[in-house]
Amino acid sequence: MMGAAWLVARKDLAIEFRTRTAFFSALVFAVLALCIFYFAWDESIIAPAQRAPGVLWVVLAFSALLGLQRSFSIEEHDRGIDALLVSPISREAIYLGKAIGNLLFLCAIQLITIPALALFYNLPIGRPLMVVTAIVLLAMIGIVAVGTLFSAMAVNTRLAELLLPMLSLPFFVPILMNAAQATTRVLADRPLAESWPWLKILIAFDLVFVVACTLAFPFTLEE
Amino acid sequence: MIDTTAEMIAGYVVAGLLFGGYVLSLWLRAHRVSKRLDAILSAASSRRASAAPPARRSR
Amino acid sequence: MTSAPASASARTVLSSGLTAPKPIFDWFFALAGLSVLAVVVRAIYFTPIEALQGAAQKIYYIHVPSALGAYIAVGITALMSIVYLWLHDERADRLAEASAEVALVFITVVLTTGPIWAHKIWGAWWVWWDMRLTFTLFLWFIVAAYLVLRDGIEDAAMRGRYGAVLAILGALLIPFIHLSVYLFSARLHPMPVVLKPDKPSLPPEMLTTFLLAFVAFTLLCFALIRARYRIAVQRDLVTAFEGDGGSR
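Taken in order, these protein sequences are the chains called L, C and V. Quick note: the first sequence, position 167, residue 167 per my numbering, numbers continuous. Position in the second sequence (from 1) plus 1000 gives the number in my numbering. Position in the third sequence (from 1) plus 2000 gives the number in my numbering.
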């Protein structure tokens, strides 16, 4: 099953690699948002380093939405999803493949956004930033698990792109809350043990929703 | 004791408006849907009552 | 209030194969409405005013029972979604749809009456670290998304499946939100309390009003769901006829 899933992921990434438009627009959006948020607060009241965690997670959530929207709309054009469905790939594998593709796509964006955050908000480069990257990966798994499923659902509705944020954001809330709390502590150079309760919820969320969404995905396809 | 009568009135009015508004919307929808259903059903029955030989349904 | 009755001719057609549509507003609806009115009158005029909070405490007689109604309706939606995915019975889907809409109304009442009370008693409109309030807010978002999602889908079977998937995932999400808000508030924010809303023991009149309010709002919840369900039945009947008759 993982082999088939990887094939689907590779297909999506190959499409993306050829055009690169979605990647660049999501990336530019993320970096642009970092800059806009910088000017949204008075520098003399809250130090840039203190608002960095909040900014990071807001930007991350919205750039993820931007990336996720693309996941199933590329299948809509020539009804590519039908070709996937008649292929001997199981539906769970299609979902996992889509999710893996999205995960790699979003991680690629974050790999540039996090250094940009450190640059613009003058964060010290070192171990805390590595830990933050790990937290981002952890959060991305949950975001992608839920977002991929909802992206598949949203394209089949009349509202299409409008619906995805409304469906996904309530599910992002526990992820963002816990990830932001952990990030704040990590960037303040507190011991990792202090962030552990938040990270535990994050891990539990990933496990529950990767399984639940994989099981739910077949129900969202024509029967 | 502080006087919070205004708050109490506001609370009951807001709840009343919300529930009342919802019941009104239910009533409007009920009215509309039963009118449409009625029209369809009476059309169907008059077609049947016209005693025409088993006419083909107009498709 | 009665729905426009189907004409006699319609009834004969219906009796030949279908059961006649049930009235949408019937005795049960009237009973629920009257009992809510009776409880409101009792709460305002015949229940003593709380010594510390004054009359605002009486908001509790609609705020808390509305929360109960909301949880009942949300519970029915989640349960019926599981039943629908399992048995593919469209009645379960209609019931889920009806309950979700009623849940949204009840949650909205909770979310609006709460701040009106809190503004005076806590000294703040909204207190994020009050778990119940924040939790109810996110419940509102999930239910709203559920209804918008359903609204955006034409095909009935697909609408049912998508709705059910979202409702079940939403049910899984609830413990996570609960836990997150709990951890968030566990940093021991001081509650901005102007007056401490501490009720060691409710006087019997207040307790009776509370219990009656719970009964009345539970009745109201079921009556609204029942009415909404019957509208959905008739709507689906209309859709079926129009699709079949080919007149449009």
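Watch out, some of these pointers could steer you wrong.
[What the hints assert, rightly or not] Mimicking DMTMM-like on lysine to aspartate or glutamate, the simulated pairs with C-alpha atoms at most 25 angstroms apart in a straight line are:
1) V/2022 with V/2205
2) L/11 with L/92
3) L/11 with L/76
4) C/1035 with V/2155
5) V/2022 with V/2236
6) C/1035 with V/2026
7) L/11 with L/82
8) C/1035 with V/2242
9) C/1035 with V/2236
10) V/2022 with V/2089
11) C/1035 with V/2090
12) C/1035 with V/2154
13) V/2022 with C/1038
14) L/200 with L/189
15) C/1035 with V/2151
16) L/200 with V/2130
17) L/11 with L/222
18) L/11 with L/161
Because the hints were derived from the structure by calculation, they are not lab data.
Here is how each hint holds up against the structure:
{"no.": "1", "hint": "V/2022 with V/2205", "in the structure": "violated (39 angstroms)"}
{"no.": "2", "hint": "L/11 with L/92", "in the structure": "holds (16 angstroms)"}
{"no.": "3", "hint": "L/11 with L/76", "in the structure": "holds (15 angstroms)"}
{"no.": "4", "hint": "C/1035 with V/2155", "in the structure": "holds (23 angstroms)"}
{"no.": "5", "hint": "V/2022 with V/2236", "in the structure": "holds (14 angstroms)"}
{"no.": "6", "hint": "C/1035 with V/2026", "in the structure": "holds (18 angstroms)"}
{"no.": "7", "hint": "L/11 with L/82", "in the structure": "holds (15 angstroms)"}
{"no.": "8", "hint": "C/1035 with V/2242", "in the structure": "holds (14 angstroms)"}
{"no.": "9", "hint": "C/1035 with V/2236", "in the structure": "holds (14 angstroms)"}
{"no.": "10", "hint": "V/2022 with V/2089", "in the structure": "holds (19 angstroms)"}
{"no.": "11", "hint": "C/1035 with V/2090", "in the structure": "holds (23 angstroms)"}
{"no.": "12", "hint": "C/1035 with V/2154", "in the structure": "holds (22 angstroms)"}
{"no.": "13", "hint": "V/2022 with C/1038", "in the structure": "holds (13 angstroms)"}
{"no.": "14", "hint": "L/200 with L/189", "in the structure": "holds (19 angstroms)"}
{"no.": "15", "hint": "C/1035 with V/2151", "in the structure": "holds (22 angstroms)"}
{"no.": "16", "hint": "L/200 with V/2130", "in the structure": "holds (22 angstroms)"}
{"no.": "17", "hint": "L/11 with L/222", "in the structure": "holds (22 angstroms)"}
{"no.": "18", "hint": "L/11 with L/161", "in the structure": "holds (22 angstroms)"}
Consistency with the previously given hints fails for number 1 only.
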